[in-house]
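**Student:** Make the full structure from the sequences, and use the hints.
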Amino acid sequence: MPGRRQRSHFQQIDDFTRGRNFNTNGSDVDWWSNNASLRFQEKSQCIKDRYSSYASKAAGSVTPKFTNKLLVETTADTMGLKAAYWVYCEKLDYPYLLQIIRTGSRIPQKFRVNGPMSNLPEFAQDFQCSRGKDMNPISKCEIW
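Here my numbering is used: the first residue of the sequence shown is 1, the next is one more, and so on.
A hint or two may mislead.
[As the list claims (entries may be wrong)] Straight-line alpha carbon distances no greater than 25 angstroms define the calculated BS3-like cross-link-like pairs of lysine-lysine that follow:
hint, residue 1, residue 2
1, Lys-69, Lys-91
2, Lys-133, Lys-110
3, Lys-110, Lys-91
[Unchecked claim] Listed next, with one range per pair, are the computed distances between beta-carbon atoms:
hint, residue 1, residue 2, range
4, Arg-106, Phe-127, 24 to 30 angstroms
5, Arg-102, Asp-30, 45 to 51 angstroms
6, Thr-63, Tyr-96, 33 to 39 angstroms
7, Pro-64, Cys-141, 38 to 44 angstroms
8, Tyr-96, Phe-127, 26 to 32 angstroms
9, Gln-128, Tyr-51, 25 to 31 angstroms
10, Lys-43, Phe-111, 28 to 34 angstroms
11, Arg-131, Pro-95, 32 to 38 angstroms
12, Gly-104, Leu-70, 39 to 45 angstroms
13, Asp-126, Thr-63, 30 to 36 angstroms
14, Ile-101, Pro-121, 23 to 29 angstroms
15, Arg-131, Pro-64, 37 to 43 angstroms
16, Ile-107, Leu-70, 31 to 37 angstroms
17, Ser-105, Ala-36, 33 to 39 angstroms
The hints are simulated quantities; they were obtained by calculation from the structure and are not laboratory data. Computed from a predicted model, the values in this text were never measured in an experiment. Beta carbons are placed, not taken as given, at the ideal position from N, Cα and C, and that holds for glycine.
**Tutor:** Written as structure tokens, this is what we have:
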């Protein structure tokens, strides 16, 4: 899934509340400004509230428990998807596009997103992609 690699990188940061206490030398120092801490708490609360809202609707009267582990996961999911979106929207000028295709130095980001998506029958069905078009080719490359 596009974003999975990005998501795993964000999770490797450990949890954001502990990982932020280490500077570039690995010393145990809270290097965030008060404003940065406050903004992070606000953004974290937004994610917690959103998840709790989904969980409450799904579970009825059960009060959802939102742990720090869930905060890390949901934050990483959000950041990974946002990174995948940025990748999809990457703008390449034509000469550079030709260069990377010709040299095989890398796959253009748009193809790294669209390629896997176009091979998912579920994607084509859910987004009603016309059969035979770029996002729903007749022949798909499925591994399993």
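**Student:** Hints first: check each against the structure and report whether it holds.
**Tutor:** Evaluated hints:
no.	hint	verdict
1	Lys-69 / Lys-91	violated (35 angstroms)
2	Lys-133 / Lys-110	holds (16 angstroms)
3	Lys-110 / Lys-91	holds (9 angstroms)
4	Arg-106 / Phe-127: 24 to 30 angstroms	holds (26 angstroms)
5	Arg-102 / Asp-30: 45 to 51 angstroms	holds (48 angstroms)
6	Thr-63 / Tyr-96: 33 to 39 angstroms	violated (53 angstroms)
7	Pro-64 / Cys-141: 38 to 44 angstroms	holds (39 angstroms)
8	Tyr-96 / Phe-127: 26 to 32 angstroms	holds (29 angstroms)
9	Gln-128 / Tyr-51: 25 to 31 angstroms	holds (29 angstroms)
10	Lys-43 / Phe-111: 28 to 34 angstroms	holds (32 angstroms)
11	Arg-131 / Pro-95: 32 to 38 angstroms	holds (34 angstroms)
12	Gly-104 / Leu-70: 39 to 45 angstroms	holds (41 angstroms)
13	Asp-126 / Thr-63: 30 to 36 angstroms	holds (32 angstroms)
14	Ile-101 / Pro-121: 23 to 29 angstroms	holds (27 angstroms)
15	Arg-131 / Pro-64: 37 to 43 angstroms	holds (41 angstroms)
16	Ile-107 / Leu-70: 31 to 37 angstroms	holds (33 angstroms)
17	Ser-105 / Ala-36: 33 to 39 angstroms	holds (36 angstroms)
Of the numbered hints listed earlier, those contradicted by the structure are 1, 6.
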